[in-house]
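Those protein sequences? They're chains A and B, same order as listed.
Quick note on numbering: the first sequence equals residues 1 to 486 in the UniProt record's numbering.
Quick note on numbering: the second sequence equals residues 1 to 486 in the UniProt record's numbering.
Keep in mind that a hint or two might mislead.
Since copy identity is lost for identical chains, a pair holds within one copy or between any two.
Calculated lysine-lysine pairs in the DSSO-like style (CA-CA distance at most 30 Å, straight line) [stated by the list, open to error]:
#, residue 1, residue 2
1, Lys414, Lys317
2, Lys62, Lys124
3, Lys317, Lys230
4, Lys207, Lys182
5, Lys372, Lys62
6, Lys485, Lys432
7, Lys62, Lys11
8, Lys230, Lys205
9, Lys481, Lys162
10, Lys207, Lys230
11, Lys182, Lys124
12, Lys162, Lys205
13, Lys182, Lys432
Hints in this document: simulated from the structure, not taken from any laboratory.
Number of protein chains: 2
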Amino acid sequence: MNASDFRRRGKEMVDYMADYLEGIEGRQVYPDVQPGYLRPLIPATAPQEPDTFEDILQDVEKIIMPGVTHWHSPYFFAYFPTASSYPAMLADMLCGAIGCIGFSWAASPACTELETVMMDWLGKMLQLPEAFLAGEAGEGGGVIQGSASEATLVALLAARTKVTRRLQAASPGLTQGAVLEKLVAYASDQAHSSVERAGLIGGVKLKAIPSDGKFAMRASALQEALERDKAAGLIPFFVVATLGTTSCCSFDNLLEVGPICHEEDIWLHVDAAYAGSAFICPEFRHLLNGVEFADSFNFNPHKWLLVNFDCSAMWVKRRTDLTGAFKLDPVYLKHSHQGSGLITDYRHWQLPLGRRFRSLKMWFVFRMYGVKGLQAYIRKHVQLSHEFEAFVLQDPRFEVCAEVTLGLVCFRLKGSDGLNEALLERINSARKIHLVPCRLRGQFVLRFAICSRKVESGHVRLAWEHIRGLAAELLAAEEGKAEIKS
Amino acid sequence: MNASDFRRRGKEMVDYMADYLEGIEGRQVYPDVQPGYLRPLIPATAPQEPDTFEDILQDVEKIIMPGVTHWHSPYFFAYFPTASSYPAMLADMLCGAIGCIGFSWAASPACTELETVMMDWLGKMLQLPEAFLAGEAGEGGGVIQGSASEATLVALLAARTKVTRRLQAASPGLTQGAVLEKLVAYASDQAHSSVERAGLIGGVKLKAIPSDGKFAMRASALQEALERDKAAGLIPFFVVATLGTTSCCSFDNLLEVGPICHEEDIWLHVDAAYAGSAFICPEFRHLLNGVEFADSFNFNPHKWLLVNFDCSAMWVKRRTDLTGAFKLDPVYLKHSHQGSGLITDYRHWQLPLGRRFRSLKMWFVFRMYGVKGLQAYIRKHVQLSHEFEAFVLQDPRFEVCAEVTLGLVCFRLKGSDGLNEALLERINSARKIHLVPCRLRGQFVLRFAICSRKVESGHVRLAWEHIRGLAAELLAAEEGKAEIKS
Ligand SMILES: Cc1ncc(COP(=O)(O)O)c(C=O)c1O
Ligand SMILES: Cc1ncc(COP(=O)(O)O)c(C=O)c1O
Numbered sequence: 001m002n003a004s005d006f007r008r009r010g011k012e013m014v015d016y017m018a019d020y021l022e023g024i025e026g027r028q029v030y031p032d033v034q035p036g037y038l039r040p041l042i043p044a045t046a047p048q049e050p051d052t053f054e055d056i057l058q059d060v061e062k063i064i065m066p067g068v069t070h071w072h073s074p075y076f077f078a079y080f081p082t083a084s085s086y087p088a089m090l091a092d093m094l095c096g097a098i099g100c101i102g103f104s105w106a107a108s109p110a111c112t113e114l115e116t117v118m119m120d121w122l123g124k125m126l127q128l129p130e131a132f133l134a135g136e137a138g139e140g141g142g143v144i145q146g147s148a149s150e151a152t153l154v155a156l157l158a159a160r161t162k163v164t165r166r167l168q169a170a171s172p173g174l175t176q177g178a179v180l181e182k183l184v185a186y187a188s189d190q191a192h193s194s195v196e197r198a199g200l201i202g203g204v205k206l207k208a209i210p211s212d213g214k215f216a217m218r219a220s221a222l223q224e225a226l227e228r229d230k231a232a233g234l235i236p237f238f239v240v241a242t243l244g245t246t247s248c249c250s251f252d253n254l255l256e257v258g259p260i261c262h263e264e265d266i267w268l269h270v271d272a273a274y275a276g277s278a279f280i281c282p283e284f285r286h287l288l289n290g291v292e293f294a295d296s297f298n299f300n301p302h303k304w305l306l307v308n309f310d311c312s313a314m315w316v317k318r319r320t321d322l323t324g325a326f327k328l329d330p331v332y333l334k335h336s337h338q339g340s341g342l343i344t345d346y347r348h349w350q351l352p353l354g355r356r357f358r359s360l361k362m363w364f365v366f367r368m369y370g371v372k373g374l375q376a377y378i379r380k381h382v383q384l385s386h387e388f389e390a391f392v393l394q395d396p397r398f399e400v401c402a403e404v405t406l407g408l409v410c411f412r413l414k415g416s417d418g419l420n421e422a423l424l425e426r427i428n429s430a431r432k433i434h435l436v437p438c439r440l441r442g443q444f445v446l447r448f449a450i451c452s453r454k455v456e457s458g459h460v461r462l463a464w465e466h467i468r469g470l471a472a473e474l475l476a477a478e479e480g481k482a483e484i485k486s
Numbered sequence: 001m002n003a004s005d006f007r008r009r010g011k012e013m014v015d016y017m018a019d020y021l022e023g024i025e026g027r028q029v030y031p032d033v034q035p036g037y038l039r040p041l042i043p044a045t046a047p048q049e050p051d052t053f054e055d056i057l058q059d060v061e062k063i064i065m066p067g068v069t070h071w072h073s074p075y076f077f078a079y080f081p082t083a084s085s086y087p088a089m090l091a092d093m094l095c096g097a098i099g100c101i102g103f104s105w106a107a108s109p110a111c112t113e114l115e116t117v118m119m120d121w122l123g124k125m126l127q128l129p130e131a132f133l134a135g136e137a138g139e140g141g142g143v144i145q146g147s148a149s150e151a152t153l154v155a156l157l158a159a160r161t162k163v164t165r166r167l168q169a170a171s172p173g174l175t176q177g178a179v180l181e182k183l184v185a186y187a188s189d190q191a192h193s194s195v196e197r198a199g200l201i202g203g204v205k206l207k208a209i210p211s212d213g214k215f216a217m218r219a220s221a222l223q224e225a226l227e228r229d230k231a232a233g234l235i236p237f238f239v240v241a242t243l244g245t246t247s248c249c250s251f252d253n254l255l256e257v258g259p260i261c262h263e264e265d266i267w268l269h270v271d272a273a274y275a276g277s278a279f280i281c282p283e284f285r286h287l288l289n290g291v292e293f294a295d296s297f298n299f300n301p302h303k304w305l306l307v308n309f310d311c312s313a314m315w316v317k318r319r320t321d322l323t324g325a326f327k328l329d330p331v332y333l334k335h336s337h338q339g340s341g342l343i344t345d346y347r348h349w350q351l352p353l354g355r356r357f358r359s360l361k362m363w364f365v366f367r368m369y370g371v372k373g374l375q376a377y378i379r380k381h382v383q384l385s386h387e388f389e390a391f392v393l394q395d396p397r398f399e400v401c402a403e404v405t406l407g408l409v410c411f412r413l414k415g416s417d418g419l420n421e422a423l424l425e426r427i428n429s430a431r432k433i434h435l436v437p438c439r440l441r442g443q444f445v446l447r448f449a450i451c452s453r454k455v456e457s458g459h460v461r462l463a464w465e466h467i468r469g470l471a472a473e474l475l476a477a478e479e480g481k482a483e484i485k486s
């Protein structure tokens, strides 16, 4: 395939992409396929001779699409949103053509420098404290990670290195194993599973702090755990506070947790994977208050800020905390500006070595929406979740299970877990909309997350009517069963 | 931007991509910009109101391109290649439009299933032992990681979990800290820096095994280290063998190292990040002999197999080794087929949670090139490196510093390191071609790697003539200095 074939096929692909996204409402949101469906549909080995592009594009429709869960359908209300926008797709195309690998400044200066500046732009949109910005000469700065999971792990590892060095400086001869044995990290019982995983990978204990009635981590519970562990000779070194938890979008109390971490010299990492995008709106910015106490902060523009996956934005107050933890400098990666203090080699900030030119996506999206456009997008989603909440509240058979702050509504039928499991089963089997559940205080709960860029009030209303209809059928069937029994 | 705007702008972008790649030879391969060049060229904050696409595309040419190191220029001979092909770009566009996140089977069945089958296709192209394939009912299988660095880390962590469980089963009460203290991983002194990093992250010792005269890890050196460490009460648990080292593309002796690891019950990970792609050619397949002893194997199609970054192919013999190490199952990620044994939830195989539909790139590339097309591509690059080697060998002022097996030539002027550093400085300052150095046995060496999809004999010849010319100038200048001194 040469450049002129690509011009032709690329344009066909652009049309296919636009057709797909324009017509997505007409596709069944969740597929019917059974496990193992795909293997029999394609050859057992790669072809020796080239296939044609026509064949491949036909196979996309025939083989791939029937097995796709359509995350951008306006009837997809599962998990959290994953971003999709045309400007981000355009930028990603450009990123693919440039195809540079930005592990060091020299490997492609534009790739590194645009990232630093875009992270400053975004930090300013969020009104992050200056200390997190790279600015002209600050000590902090931002980096694009692949995922919030990696950001948490990177923060934990940096904190681990820092505390280990401090302890070893105080007691020479202390081995790393002996240190690891004593280190404890903390997160609320509502934290994402990636936090537990970071603890596992880092080889440190992770303790769950019981959240309060509003699913928030509070001072008292954290303080209690710290005192207990310190009395037992353990060393608290890392706390993850979550803003916008995965199950119910609750918010840890940063203004309480922050000062404690600060006093105890504990690294505070703030994970706002989903909710962070909302902080660009002044009316939601207060949810981020207390971030000034954090050592690192992360959220995913690839969730709710229209920047296609992957783009997880992480800031640290002291760049040297990261570079000190990971820096290794083989000759084949050295370059002349390295020691100058003027440049950033992002490979020292992350787990992988290679990295794509992801900041192009931020640049295109921020410029083509403008801050106002992005704010309007967030506000619309929040508005839609309140519309759904209102529907639920109007129906006495249902209850809302957690405060609705942003784009997520947790709800259930008043009744047993079994009843709610049966409802979810009916909802997902009907294939008209797609939801996933969670557990709150042991109870089985349904999550309704506003996800698609194209979701409107009409879709939310249809979804609610559909759910209510299925609930009525279910309740009638249950009553029927009860009558037969009695 | 709506779908019809995207149709128009997307097609303009396709033309821009094609123009860029067709015209890349005319761009200076390495940029002139100084650190910090970009910040003054763009506003300090994101715009409130949208900018136009025209403005942005103009800024790409004005602001971004002057700071890009053009990895796909036929005059780029630095690092190792990074893949770029039109079929991969088309697939990536589709991946962007579908925009699903494939952390579990249910999150998008096609995304998971195509990956499993593509990894089998690729495994068969390499003639990997059956044990590594997912097949119908095998215990092994493949996964796409973001980078070889992550693959090494994942393998090390899985091995760490496995040995820890074994030791704790044998001595209940043994703490994780006590285990970590004793664990030792090994790799040759030529291994990539990502191996050392994996050791740091995993909290285990990593020991470098001295390589032999051909820069290969051999049985005797490894055996010696193992005996020494076991005698000291340490527990060897992980060995990384490299096929195609970063500095000089040397090959550890797998047929020697493999049986030792097997006997000692040590996890053997094989890192063939660059060289792995060549194993699809029967004449290079022997370099992979011994992989049957490995527990995990990894290489980067995103380096040399025309699949744009990121796509790092990793296989394991026992899937449960990975899933056992990382598995955490929160309710919001559970789904109905999960316990069936029929499906794969790739989130348990990797560090991040989210993942793009990367197997589309493999599918498009394998089908549109065909195995024969891919083999021809590898062979051409190897041929070109031998052409360069022949030029070097013909010039008595130069020497070749390591055996040329694939697409990399390590060479230097006979003379001091200072002389060679000066030569590299002249080469890179002239901006006609771009190279990076390495150190071999302490000596400063120049690396000439065949990288671009568009590099031809003519470019290699021009590069050599350019190098030779600069060397002649340099030697004359040195002679001049010597005369003045004497
Ligand atoms: C609070 C929170 N943290 C972390 C994550 C994980 O994000 P990622 O997929 O970017 O690792 C999520 C995902 O939903 C989340 O909700
Ligand atoms: C032998 C070897 N291993 C690992 C890597 C790192 O690869 P990645 O950037 O995919 O982490 C490289 C990169 O050149 C390499 O040559």
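Comparing the hints with the structure gives:
1. For the homomeric pair Lys414 and Lys317, neither the shortest alpha-carbon distance inside one copy (46 Å) nor that between copies (48 Å) is at most 30 Å.
2. When the C-alpha separation of Lys62 and Lys124 is checked against a cutoff of 30 Å, the pair qualifies only between copies, where the shortest distance is 25 Å, while the shortest distance within a copy is 46 Å.
3. For the identical chains of this complex, Lys317 and Lys230 are intra-copy neighbours only, at 26 Å inside a copy versus 43 Å across copies, given an alpha-carbon limit of 30 Å.
4. Taking the closest pair of Cα atoms, Lys207 and Lys182 come within 30 Å of each other both inside a single copy (13 Å) and across two copies (25 Å).
5. Taking identical chains as interchangeable, the C-alpha atoms of Lys372 and Lys62 lie at most 30 Å apart only when they sit on different chains, with a minimum of 26 Å there against 40 Å within one chain.
6. Taking the shortest alpha-carbon separations for Lys485 and Lys432, neither the intra-copy value of 32 Å nor the inter-copy value of 86 Å comes in at or below 30 Å.
7. For a Cα distance limit of 30 Å, the shortest separation of Lys62 from Lys11 qualifies both inside one copy, at 21 Å, and across copies, at 25 Å.
8. In this assembly of identical chains, the alpha carbons of Lys230 and Lys205 lie at most 30 Å apart whether taken from the same copy (13 Å) or from different copies (28 Å).
9. Taking the closest pair of Cα atoms, Lys481 and Lys162 never come within 30 Å of each other, the shortest separation being 62 Å inside a single copy and 50 Å across copies.
10. Within a single copy, Lys207 and Lys230 get their C-alpha atoms as close as 13 Å, which meets the 30 Å cut-off; across copies the closest is 35 Å, which misses it.
11. For a Cα distance limit of 30 Å, the shortest separation of Lys182 from Lys124 qualifies neither inside one copy, at 38 Å, nor across copies, at 47 Å.
12. Proximity of Lys162 to Lys205 under the C-alpha cut-off of 30 Å is found in both arrangements, the shortest distances being 17 Å within a copy and 18 Å between copies.
13. Taking CA atoms no more than 30 Å apart as the test, Lys182 paired with Lys432 passes in neither setting, with 51 Å inside one copy and 55 Å between copies.
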